[in-house]
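Student: Use the sequences and the hints to build the structure in full.
Chains as they are written, first to last, in our numbering: chain Y, 1 to 151; chain B, 152 to 302; chain L, 303 to 453.
By construction, these hints were calculated from the structure, which means they are not laboratory data.
For glycine and all other residues, C-beta sits at the position ideal for the given N, C-alpha and C.
Any given hint might turn out to be false.
Here are the simulated DSS-like pairs of lysine-lysine, each with C-alpha atoms no more than 30 Å apart in a straight line [as the list claims (entries may be wrong)]:
1. B:Lys254 / Y:Lys21
2. Y:Lys65 / Y:Lys108
3. Y:Lys21 / L:Lys323
4. L:Lys405 / L:Lys323
5. Y:Lys103 / L:Lys323
6. B:Lys216 / Y:Lys21
Chain B is faced by these chain L residues, among others (derived, beta-carbon under 7 Å) [as the list claims (entries may be wrong)]:
7. Thr332
8. Pro373
9. Thr376
10. Glu419
11. Ala438
12. Ala439
13. Thr450
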Amino acid sequence: MTTLETAPRAGAPESPTTTSKLSIVMFSGTADKFIPLGVLAQAAAAMGSEVNIFVTGFALHGFTKEHHDLPFPTEFAAMAPALAQGMEAHHVPSWDTMLRQAKELGAKVYACSMMSEVMGLTRDDFGDLVDDVVGAATFVQLAEHGETLFI
Amino acid sequence: MTTLETAPRAGAPESPTTTSKLSIVMFSGTADKFIPLGVLAQAAAAMGSEVNIFVTGFALHGFTKEHHDLPFPTEFAAMAPALAQGMEAHHVPSWDTMLRQAKELGAKVYACSMMSEVMGLTRDDFGDLVDDVVGAATFVQLAEHGETLFI
Amino acid sequence: MTTLETAPRAGAPESPTTTSKLSIVMFSGTADKFIPLGVLAQAAAAMGSEVNIFVTGFALHGFTKEHHDLPFPTEFAAMAPALAQGMEAHHVPSWDTMLRQAKELGAKVYACSMMSEVMGLTRDDFGDLVDDVVGAATFVQLAEHGETLFI
Numbered sequence: 001m002t003t004l005e006t007a008p009r010a011g012a013p014e015s016p017t018t019t020s021k022l023s024i025v026m027f028s029g030t031a032d033k034f035i036p037l038g039v040l041a042q043a044a045a046a047m048g049s050e051v052n053i054f055v056t057g058f059a060l061h062g063f064t065k066e067h068h069d070l071p072f073p074t075e076f077a078a079m080a081p082a083l084a085q086g087m088e089a090h091h092v093p094s095w096d097t098m099l100r101q102a103k104e105l106g107a108k109v110y111a112c113s114m115m116s117e118v119m120g121l122t123r124d125d126f127g128d129l130v131d132d133v134v135g136a137a138t139f140v141q142l143a144e145h146g147e148t149l150f151i
Numbered sequence: 152m153t154t155l156e157t158a159p160r161a162g163a164p165e166s167p168t169t170t171s172k173l174s175i176v177m178f179s180g181t182a183d184k185f186i187p188l189g190v191l192a193q194a195a196a197a198m199g200s201e202v203n204i205f206v207t208g209f210a211l212h213g214f215t216k217e218h219h220d221l222p223f224p225t226e227f228a229a230m231a232p233a234l235a236q237g238m239e240a241h242h243v244p245s246w247d248t249m250l251r252q253a254k255e256l257g258a259k260v261y262a263c264s265m266m267s268e269v270m271g272l273t274r275d276d277f278g279d280l281v282d283d284v285v286g287a288a289t290f291v292q293l294a295e296h297g298e299t300l301f302i
Numbered sequence: 303m304t305t306l307e308t309a310p311r312a313g314a315p316e317s318p319t320t321t322s323k324l325s326i327v328m329f330s331g332t333a334d335k336f337i338p339l340g341v342l343a344q345a346a347a348a349m350g351s352e353v354n355i356f357v358t359g360f361a362l363h364g365f366t367k368e369h370h371d372l373p374f375p376t377e378f379a380a381m382a383p384a385l386a387q388g389m390e391a392h393h394v395p396s397w398d399t400m401l402r403q404a405k406e407l408g409a410k411v412y413a414c415s416m417m418s419e420v421m422g423l424t425r426d427d428f429g430d431l432v433d434d435v436v437g438a439a440t441f442v443q444l445a446e447h448g449e450t451l452f453i
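Tutor: Right under this line is the structure:
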């Protein structure tokens, strides 16, 4: 069994008059939340949706060149080893592998300019997953008339 | 005073050309987050919206037959007893009662196939709240052209 | 450099047939999550979007007249001082200042009637940021056919 079903053919959207668009505000900085980021971005991009991701807050640490250990949520810390084992046993790709697949299909990743400044991060501090550093107003405009998730 | 106002009549949506649709990705596994899941699903279903819930991550523990004690968020642990008392005093239904009401009105609950596998859970491990086990791509397609929340 | 780019002129929406609408369910009660609430509400309102905020759960403590110290998430507690310094150094407005700007542009803030009751809060306990106390069904109806975030 593969981890994701075969996605419907891109270019054959449900409605002929509207293309679908998924926007994700990625704010949470705990390791667990990066899995749904990768899965949902990859699934939506594979379906032919426009995908825009706005990284802000603690989540910016997941996108810097300098490796940061993303913390596990306190309440579920005891489950972390079993979860990591399960991911490996079932060959679940890492979140950044899934995000790269999404990006190959057109997904875009933007770092929040305001929080980058606040955290002392510049464009050069981010790895190649980040396409650009933009303000919230730009992202809100990109996200209009689509579905938007706050993770 | 009832806990929810009288919902508008189902079948009389705001716009004649589009039915509304609420999709919820239920990822968080702390006990507090199950309250808005129940409330929002019930409210949307009572208004005649299509409601689809995709359960993944730690939230899967809330839907297994084997009872799991859902942890309370660390930061608010001191408030848990007062909150539980307030819920009881005001006769707030439990989250699963509200979700059952939503399901009677047509809401559907899907468990994430990938995370179920990772956590060693099969279809038989889930209680009757779960309608099916599906992949993220299926859910993303169901959620298209509606509002989607990530809890 | 300003913290937010110049927002596009209000009244010039992307599509002539649909005005955009951003709805936010504000549930999380940790201090960090109030920053994206302020930023996204302000950015969307400045673009001419209708903005509706539904405050519930622990987030209600951020809106009472009696000042509550909002806790910082346990996992990132060590970063709190550096973040506060960065916010000050870059003259980032506080979340409530940004929310006031959004409200001057038409954004509305509603407290959840059910959770207010559960937490023993009445209309008079809330500060002037709160426009009204309403039920979830009312909010779900307001949010229909727009984008909705759960923070």
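Student: Can the restraint linking Lys254 (chain B) and Lys21 (chain Y) be considered satisfied, given a maximum Cα separation of 30 Å?
Tutor: 28 Å, holds
Student: For the restraint on Thr332 (chain L), tell me whether the closest CB of chain B is nearer than 7 Å.
Tutor: Hint on Thr332 (chain L): holds, closest Cβ of chain B at ~6 Å, below 7 Å.
Student: Measure nothing beyond the straight line between the CA atoms of Lys21 (chain Y) and Lys323 (chain L); if it is 30 Å or shorter, mark the hint as holding.
Tutor: Holds, at about 15 Å.
Student: Holds or violated: the hint that Glu419 (chain L) contacts chain B, with Cβ atoms closer than 7 Å.
Tutor: Given a least distance of 5 Å, the restraint on Glu419 (chain L) holds.
Student: Checking one constraint from the list: CA of Lys405 (chain L) to CA of Lys323 (chain L), max 30 Å. Satisfied?
Tutor: 14 Å, holds
Student: Just to be careful: measuring from the Cβ of Ala439 (chain L) to every Cβ in chain B, is the smallest value less than 7 Å?
Tutor: Holds. Min distance 4 Å.
Student: Minimum Cβ distance from Thr450 (chain L) to chain B below 7 Å?
Tutor: Hint holds; Thr450 (chain L) Cβ to chain B Cβ min 4 Å, cut 7 Å.
Student: For the pair we were handed, Lys103 (chain Y) and Lys323 (chain L), check the Cα-Cα distance against 30 Å.
Tutor: With a Cα-Cα distance of about 28 Å, the restraint between Lys103 (chain Y) and Lys323 (chain L) holds, given a limit of 30 Å.
Student: Checking hints one by one. Is Pro373 (chain L) an interface residue toward chain B, by the C-beta closer than 7 Å rule?
Tutor: 4 Å, holds
Student: Would the hint linking Lys65 (chain Y) and Lys108 (chain Y) be met if the CA-CA limit is 30 Å?
Tutor: With Cα atoms ~18 Å apart, Lys65 (chain Y) and Lys108 (chain Y) stay inside 30 Å; holds.
Student: Has the given pair, Lys216 (chain B) with Lys21 (chain Y), been kept, meaning a C-alpha gap of at most 30 Å?
Tutor: Measuring from Cα to Cα gives roughly 36 Å; hence the hint is violated.
Student: Have a go at the Ala438 (chain L) hint: is there a Cβ in chain B nearer than 7 Å to its own Cβ?
Tutor: It holds, given that the least Cβ distance between Ala438 (chain L) and chain B is near 4 Å, below 7 Å.
Consistency note: the structure conflicts with earlier hint 6 alone.
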